[in-house]
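These protein sequence lines are chains A and B, in that order.
The first sequence begins at 1 in my numbering and counts up by one.
The second sequence begins at 1 in my numbering and counts up by one.
The set of hints was computed from the structure by calculation and includes no laboratory data.
Where hints are given, some of them may not hold.
Taking lysine-lysine pairs in the PhoX-like style, the calculated list, with each CA pair at most 25 Å apart, reads [claimed, not checked]:
id	chain 1	residue 1	chain 2	residue 2
1	A	Lys499	B	Lys44
2	B	Lys29	B	Lys242
3	A	Lys574	B	Lys76
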Amino acid sequence: MGNAIFQVNLSGVLKVLSDSLYSNWEVFIRELLQNANDAILARKLKEDFEASIHVDFFETAQSKVLILKDNGIGLTSEEMVEFLSKIGSSSKRDTADLFNREQQSFIGQFGIGLLSCFMVSDTIEVLSTSIANTKTMKWIGKADGTYSMEESSHNDRVGTTVKLEIKSDIALDPDKMVALLHKYGDYLPVNLSYSYNAGKESFFNKEFPWLKKDSLGNDALLLGNKTFNERFTHFFSIQDEDGSTRGIAYILPRATHTATQSKHVLYIKKMFISSDCDEILPAWAFFVKAIVNSDNLATTASRESVYHNDTLERVKASLGKSIIQHLVQLSKNDPDSLKEIILIHGQALKALALEDDAFFEFISDWFIFPTTEGVLSFAEIKALSDKILFVSDIDEYRQIAPVARANNQLVINAGYIYDTPILQKLMIADKFDRLTLIDPEYFGNILNDLDVELYDDLRARIEAMQVVLMEFDVELDVKAFEPKNLPAMFYMSQDDVQKRDFENIQSESDDLWAGVSDAVLDFETGFRSKLFLNYSNEIVQKLLNTDSSKKIDPYVQMIYFNALMMGHYPISNKELARMNENILFLINNNL
Amino acid sequence: MSFEFNTKEDIEYNIYSLQYADESEENEKVLQKCIQKAQLFKDKDLEFDARLGYLRQVNWLNKKEKAIATMPWLLKRIDEGHNQDSAHTVLWMYKWIIINLSDFAAISLSQIDQLLNDMEKRFLDHGTGMRIIHYFRMIVNSDLGNMSQALEHMKLYLKDNKSCDLDDCKACQPNNLLDVYLNLKDFDNFQKKAKPLLARTVTCKEVPDFTYSKTAMVNYILGKYDVATEQALLARKKINLKKAVLKEMGHLLSYYALTKEFVKGRTILEKQLDFCAHTQPELFLFRFYLGTLMFFKALQGAGKKQIKLNIASQNLIPVQDGVCKVPEAVTWLEQQVQSLADKLNTRNGNEFYNEEKVYYLGLLEGRV
Chain A
1 MGNAIFQVNL SGVLKVLSDS LYSNWEVFIR ELLQNANDAI LARKLKEDFE ASIHVDFFET
61 AQSKVLILKD NGIGLTSEEM VEFLSKIGSS SKRDTADLFN REQQSFIGQF GIGLLSCFMV
121 SDTIEVLSTS IANTKTMKWI GKADGTYSME ESSHNDRVGT TVKLEIKSDI ALDPDKMVAL
181 LHKYGDYLPV NLSYSYNAGK ESFFNKEFPW LKKDSLGNDA LLLGNKTFNE RFTHFFSIQD
241 EDGSTRGIAY ILPRATHTAT QSKHVLYIKK MFISSDCDEI LPAWAFFVKA IVNSDNLATT
301 ASRESVYHND TLERVKASLG KSIIQHLVQL SKNDPDSLKE IILIHGQALK ALALEDDAFF
361 EFISDWFIFP TTEGVLSFAE IKALSDKILF VSDIDEYRQI APVARANNQL VINAGYIYDT
421 PILQKLMIAD KFDRLTLIDP EYFGNILNDL DVELYDDLRA RIEAMQVVLM EFDVELDVKA
481 FEPKNLPAMF YMSQDDVQKR DFENIQSESD DLWAGVSDAV LDFETGFRSK LFLNYSNEIV
541 QKLLNTDSSK KIDPYVQMIY FNALMMGHYP ISNKELARMN ENILFLINNN L
Chain B
1 MSFEFNTKED IEYNIYSLQY ADESEENEKV LQKCIQKAQL FKDKDLEFDA RLGYLRQVNW
61 LNKKEKAIAT MPWLLKRIDE GHNQDSAHTV LWMYKWIIIN LSDFAAISLS QIDQLLNDME
121 KRFLDHGTGM RIIHYFRMIV NSDLGNMSQA LEHMKLYLKD NKSCDLDDCK ACQPNNLLDV
181 YLNLKDFDNF QKKAKPLLAR TVTCKEVPDF TYSKTAMVNY ILGKYDVATE QALLARKKIN
241 LKKAVLKEMG HLLSYYALTK EFVKGRTILE KQLDFCAHTQ PELFLFRFYL GTLMFFKALQ
301 GAGKKQIKLN IASQNLIPVQ DGVCKVPEAV TWLEQQVQSL ADKLNTRNGN EFYNEEKVYY
361 LGLLEGRV
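Turn these sequences into a full structure, and let the hints guide you.
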């Protein structure tokens, strides 16, 4: 058997294309407007004329008819056969242009847009008079895949009229019609008018705020507030390198999660494409909402999303750069606004700074961090302290903070998202050799030792306490530090936390698994953690100075358990059991 | 990527974010912290999910001892009737544990046997049938050097057609069979089973990337030098050397020793040797050090007295000021290989790893 030709069930193909390609029936208006707009652009290449599109919607109790009329270039009978009757043929592309879509002035190029009308009508009637031929041709396409064409009995002026008898189950009414024309037609560069039942005409022509001669004003703000249902206060224009993609960026007036993907409104060649576009700005710009029109981006076949290519990547990077430039300008011209933005969107800006060295260079002083002296900008922190310590873990910070405060040492809590990487980046950049990453052991080691004679007096008691804590692998040290109300500070490394965890699992396992774990876990002997008792604390002093005959085990252990919990470290079953015993002992002792 | 640990939602988000993430030290630490936080929140379900994620990370980071130490907690939780939705996942992870038991010389034959029986019971209760049991017993026995038992289980595994939802993927199964054929020195069947993998008709995340080092060496032994060269190139290109891949790189080092490609061999050493300092499984170390010993013996045979070697760890192969003296390295490596072979053989009750050492060094000396 030689080469055969695919058999196509045309009505099935039409149904698939019209029903599955588009997300909802409303887009037929977009496709009709787009075809009309492209026909007008094509005619403008040949002659100057007053372009217009008019939409009529006729409604009776029995029927609804939509007629869309343009005065574009029109179609000859041959073009009707080619472009209306062959799926995939378009007057607006040839093969060579397939990979160069964005270069064209036309919005459409797939030759399938008219099919969307089959979602709302069983027949599509097209009357068209070409600029090249005074004859008016009538073409009728049906959803069953057939069409007919004939010369019309009366001659129209140049242009095309599309008539659709709207199916009864399509909820198209005058209000919906107006809403759809606003959505898809507001910014089209032609006079777009509309009449209901041949009544008064209404017009839909608007201009993007960023195209107006004056700087962005109230209309830009209103557009943003209405579009995104927000109450923006800060907005600015953005554009790509050659100005082919332009728009407005609105800074969200509230904090958003870093994982949030910001949705933007995208127009391509002034035709609405999507209010759900998350691809036009870089991911780090999740604190911004944008309305953008692009003359250099292309759409996918459904025209409901943007086509992924190098141009999209270039545009995305350029618009990102545009946002950065604006923030840099703010730091010079309006620092209060920048502070306000950083207060709300610090996380996003920190994420951005980690990606962009130039931005990092400019913004790092503006970043704010929680510290032992309150929330401060990095510039303020530098001014306050010669030595800047930071802790990468919130739990460790909680332990350190009271000691640091009492010892007049500023410590940054860098346990929140992006803070540690930002400070580490500052360390690597070697701009601030005053920065040091610490853990609780740092303070334990720099706190004041006891006087040697005092230590010797207490030595026997300290050693007895050490014995008490041996079963928990805790090394004991005694220091004197502020604040006085803090009896102890505890430190355990993450490695040791993990080893304790494995030992807990092992202790709760059956003999087989306990034995296997024992065979593979090679824990070095020695203390796992360190408890710094504070001799300045009254309770600790009492404990260290009690008569050696007095049983102090429960007290020492309770100080350890307390420090453990204050540091948010997990408590083992053994520790929990001992804590319960101690509580009962202490209650009993005091009754 | 940065993570927060303040609320249960943060922990859930972290676990979810890392569910399909690549393995890294950073991700391991995040999940370790998630376990700790879940314990503080006293949320066992959250802890369960964190431990699942943690086990996956450490297993594929080749930190097998941590994976083994984590497993009993998950099994116990399932046995107590909790987290039944994830029972299948736990059984799937159990396979990772079983397959690595024999790599640790400190795990006794009795313990391995008991855990194999435990796995068999759990798998049969799950409805797997015996095929998968024979498959794992084949692998474990092969690693234990019990080649007659490995062969017996291999026959039963290959004869049985009953597949199950716990089966290794269609690429991993033949790839694991290749290890058994390699231990058996059955190169005919090795070549047959390797074909679909090398033709990439069956592939997975690891296969055939992890197959090439074995096939390169076998093809070299069989005198198919062009094919071996090509596969060694792929082995080097496809495997990420930023994590420990000691078994595979042991094979590749053996190959570079045979071909006397010293620059390529040294690159492998410099990227993998440091991992030995933190690696416990003796079998991994044996394979890597045996390849390294062959490499240094080849250097010695080529008249090289010393070689520059950039490694960070101390107490490994003797290196001073970035220079490694070849005779000293050979002595050190011979001690290591022998000590590891002795540990494995003592546990296994056979001489398999001595025989392996003799066989591979014999290849280098042209005795095989």
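Structure-based check of all given hints:
1. Lys499/A / Lys44/B: Status holds; Cα separation ~19 Å.
2. Lys29/B / Lys242/B: Holds, because 17 Å separates the two Cα atoms, which is no more than 25 Å.
3. Lys574/A / Lys76/B: Cα-Cα ~19 Å, so holds.
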